[in-house]
Amino acid sequence: MHPIVRKAQLSPNVTRLVVEAPRIAEIRQPGQFVIVRRGPGAERIPLTIADVDRAAGTITLVIQAIGKSTHELTSLAVGDAITDIAGPLGNPTKLLEAGHAVCVGGGVGTAVVYPIAQALAERGVKVTSIIGGRSKEWVICEDELRACGDVIVCTDDGSYGRHGFVTEALKDLCEAGGIDEVFAVGPVPMMRACSELTRPYAIHTTVSLNSIMIDGTGMCGGCRVAIDGKSQYACVDGPEFDGHKVDFRQLADRLTTYREFEQAALEAWQTSHAEAH
Amino acid sequence: MSDLSLSGRAAEHPEPLPKKERMKIDRGSMPEQDAMARARNFAEVNLGYSEQLAIIEADRCLQCPKPYCIAGCPVAVNIPNFIRLLGDGNIKAAADSLLGDNALPCVTGRVCPQETQCEQVCLRAKTGKPVAIGYLERFVADWAINHGDVFEAAHPAPSGKKVAIVGSGPAGLTAAGELTKRGHAVTIFEAFHAAGGVLIYGIPEFRLPKDIVQKEVDRLVADGVEIRPNQIIGKTYTLPELREQFDAIFVAVGAGLPVFMDVPGENLKGVYSANEYLTRVNLMGAYNPDSATPILHGKRVAVVGGGNVAMDSVRTARRLGAAESVCVYRRSRDELPARGEEVHHAEQEGIRFEFLTAPVEVLGDEKGWVSGLKCIRMELGEPDASGRRRPVEIPGSEFVFPCDMVVVAIGTKSNPLLTSTSPDLRVNKWGYIEIDDNLQTSMDGVFAGGDIVRGAATVILAMGDGKKAARNIDAYLRGELPAPVPTAGVTAAH
Numbered sequence: 034m035h036p037i038v039r040k041a042q043l044s045p046n047v048t049r050l051v052v053e054a055p056r057i058a059e060i061r062q063p064g065q066f067v068i069v070r071r072g073p074g075a076e077r078i079p080l081t082i083a084d085v086d087r088a089a090g091t092i093t094l095v096i097q098a099i100g101k102s103t104h105e106l107t108s109l110a111v112g113d114a115i116t117d118i119a120g121p122l123g124n125p126t127k128l129l130e131a132g133h134a135v136c137v138g139g140g141v142g143t144a145v146v147y148p149i150a151q152a153l154a155e156r157g158v159k160v161t162s163i164i165g166g167r168s169k170e171w172v173i174c175e176d177e178l179r180a181c182g183d184v185i186v187c188t189d190d191g192s193y194g195r196h197g198f199v200t201e202a203l204k205d206l207c208e209a210g211g212i213d214e215v216f217a218v219g220p221v222p223m224m225r226a227c228s229e230l231t232r233p234y235a236i237h238t239t240v241s242l243n244s245i246m247i248d249g250t251g252m253c254g255g256c257r258v259a260i261d262g263k264s265q266y267a268c269v270d271g272p273e274f275d276g277h278k279v280d281f282r283q284l285a286d287r288l289t290t291y292r293e294f295e296q297a298a299l300e301a302w303q304t305s306h307a308e309a310h
Numbered sequence: 006m007s008d009l010s011l012s013g014r015a016a017e018h019p020e021p022l023p024k025k026e027r028m029k030i031d032r033g034s035m036p037e038q039d040a041m042a043r044a045r046n047f048a049e050v051n052l053g054y055s056e057q058l059a060i061i062e063a064d065r066c067l068q069c070p071k072p073y074c075i076a077g078c079p080v081a082v083n084i085p086n087f088i089r090l091l092g093d094g095n096i097k098a099a100a101d102s103l104l105g106d107n108a109l110p111c112v113t114g115r116v117c118p119q120e121t122q123c124e125q126v127c128l129r130a131k132t133g134k135p136v137a138i139g140y141l142e143r144f145v146a147d148w149a150i151n152h153g154d155v156f157e158a159a160h161p162a163p164s165g166k167k168v169a170i171v172g173s174g175p176a177g178l179t180a181a182g183e184l185t186k187r188g189h190a191v192t193i194f195e196a197f198h199a200a201g202g203v204l205i206y207g208i209p210e211f212r213l214p215k216d217i218v219q220k221e222v223d224r225l226v227a228d229g230v231e232i233r234p235n236q237i238i239g240k241t242y243t244l245p246e247l248r249e250q251f252d253a254i255f256v257a258v259g260a261g262l263p264v265f266m267d268v269p270g271e272n273l274k275g276v277y278s279a280n281e282y283l284t285r286v287n288l289m290g291a292y293n294p295d296s297a298t299p300i301l302h303g304k305r306v307a308v309v310g311g312g313n314v315a316m317d318s319v320r321t322a323r324r325l326g327a328a329e330s331v332c333v334y335r336r337s338r339d340e341l342p343a344r345g346e347e348v349h350h351a352e353q354e355g356i357r358f359e360f361l362t363a364p365v366e367v368l369g370d371e372k373g374w375v376s377g378l379k380c381i382r383m384e385l386g387e388p389d390a391s392g393r394r395r396p397v398e399i400p401g402s403e404f405v406f407p408c409d410m411v412v413v414a415i416g417t418k419s420n421p422l423l424t425s426t427s428p429d430l431r432v433n434k435w436g437y438i439e440i441d442d443n444l445q446t447s448m449d450g451v452f453a454g455g456d457i458v459r460g461a462a463t464v465i466l467a468m469g470d471g472k473k474a475a476r477n478i479d480a481y482l483r484g485e486l487p488a489p490v491p492t493a494g495v496t497a498a499h
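Read top to bottom, the protein sequences are chains R and S.
Going by this note's numbering, the first sequence opens with residue 34, and the numbers climb by one from there.
Going by this note's numbering, the second sequence opens with residue 6, and the numbers climb by one from there.
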């Protein structure tokens, strides 16, 4: 069992849970994830480890409530426990040794790009972060990323920071030059747009893929994505890949496999949740 | 207990039946759920012998002075002994005998390919039907599970030695039982959230009910085995890290990665590996409509492959509502590797077989969903390395099977998670762990067995490895492990 020791609401639908998991906290490297199963009968879902506190033996999970399972997780309170957490899974981020890295985060992806920015800054790489949201209240992890370097905040409605999409800010940085690598994590259309944008500049672009998976150990093959036309598993070959080689169209399509089921499950959960309150 | 002594032959014929009388008894058929009804539910197909049927069947055993059946069993169960005790009406003694030889008899009584093992070499098979050894094993094992209170827990003297087992499938559970009996403290590391390995994620409810597996696991836990779920060795801990904390290790992680067909369209929505399909349905409980885990309900389903996993998949799809669920196999019926009873049951349930047929492409609609499986007809050519006649394409014979779901059940390959983080662990060119005759790997005190050594094999062969490994680990811990004969050990079946 993994008790929740702290909880915070980061945006209208993004929640941060700090959870006891001493062994995972001890050995986790940036870029890795865990498989979480809330309790008996619950789904197994992959979540990136946003941060760890080795001394306290905790890991930080940042969860966007979109379906029934994520709503259930974000409904847990401090003192509640998650039954199963397995990991750390996936390959650690390949960090560059020096130079200038741009870390782009969209929505909950900002929490995934944060540990990468943190690790880069620790080894002396110059980090510029570009993060975005629909409006001010949807922007997360800004303070954490400011501790790693410059931050450009973009909002779709211009309510905070720069008006527009993260890709526009990224384009300006690419034009200015001097970027050694881009890390982009967020919704599939955002990662695709970032990868397309950096391609003509020949800037290596790493994306982190969150495809559908069960075990996280390579056993089910459900998370397969086409990389340069060949199937690879996000769980054991990734989760990070060269964005210029990812078939984003197929990835986005595969992510819709259970959309009908997920919507029905969410509606049923919301109904029963409303009744319970 | 009291009614047992009154049942069967024991009450009427206190003396053993003469051979001539035994030969007159016909093999009792297994009561089973009606085929049409069960094709739509997940309840177990075989209902099990009644006590009366079991005791009559037990009397068919000739009690051969040289019983071939024991040699035919990968874990060398003393078959005539437990059958004799059962025939005498002493089910408790029969169960003690069986459990002494086999840690998971409820499982093997259901999923072993008896027709190619113990029953194949049964003397009675020469002139008729073999003794139904599997059915009798199941009867005795289920009786034991349901009468747990009459068995005294064994408390062997603690050896003071700690053994780690990696993987809680049939090999790992068997080894755990054997090592505990010898007084060693056993910890099983399991990657999933629940124990049982392929017995819970792979083999479906209708063939092996999950509560039966759970009871077998519970029995081991009651005997002192510690099970640690969510521990991925190679990630959470590496094998060398584990080796520092334990006196010996048994690696039984299974085969792992699914093999795909490598044909166009394989990433369309509606194409599953059998691993994913069965894990969703079994371990994650998607056979239950209330499950939190989604599963696609194909209406016309093609399952590619001819092994037990293919049979499990094609029959699962039928139960989840497929009007047509078809097994596509590139060789002919004679080469089907699946257990005979499963093929028979599948046919009864309305499963169609497309033999000598190989997929060449998965076709999709404009929304990325599977719309058909393009196949080509095959004919059998010259025998290949496996001794089976190699299937050869018939040019121009392509056709399309319209379907909305495809399950790929053509095998697995080794999972590198554990081996790639164990630099001193030697593997062969397919990534399977190399072992010597003692089942010891290139790392001192680290033994291995089951599919991660053999490639995809059977539950009972994995259990045989678990039993042998446990004995050798016991010898190793006492400093009595003989030096291996310097020849190659078990190698992958590829």
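Since the hints were derived computationally from the structure, they do not count as laboratory data.
Some hints could be false.
Residues from chain R shown here face chain S by an in silico Cβ test under 7 Å; the list is partial [as the list claims (entries may be wrong)]:
| no. | residue |
| --- | --- |
| 1 | Arg70 |
| 2 | Glu201 |
| 3 | Cys253 |
| 4 | Phe294 |
| 5 | His306 |
All C-beta atoms in this analysis are idealised placements derived from N, C-alpha and C, irrespective of residue type, glycine included.
Ascending list of hint numbers which this structure does not respect:
2, 5
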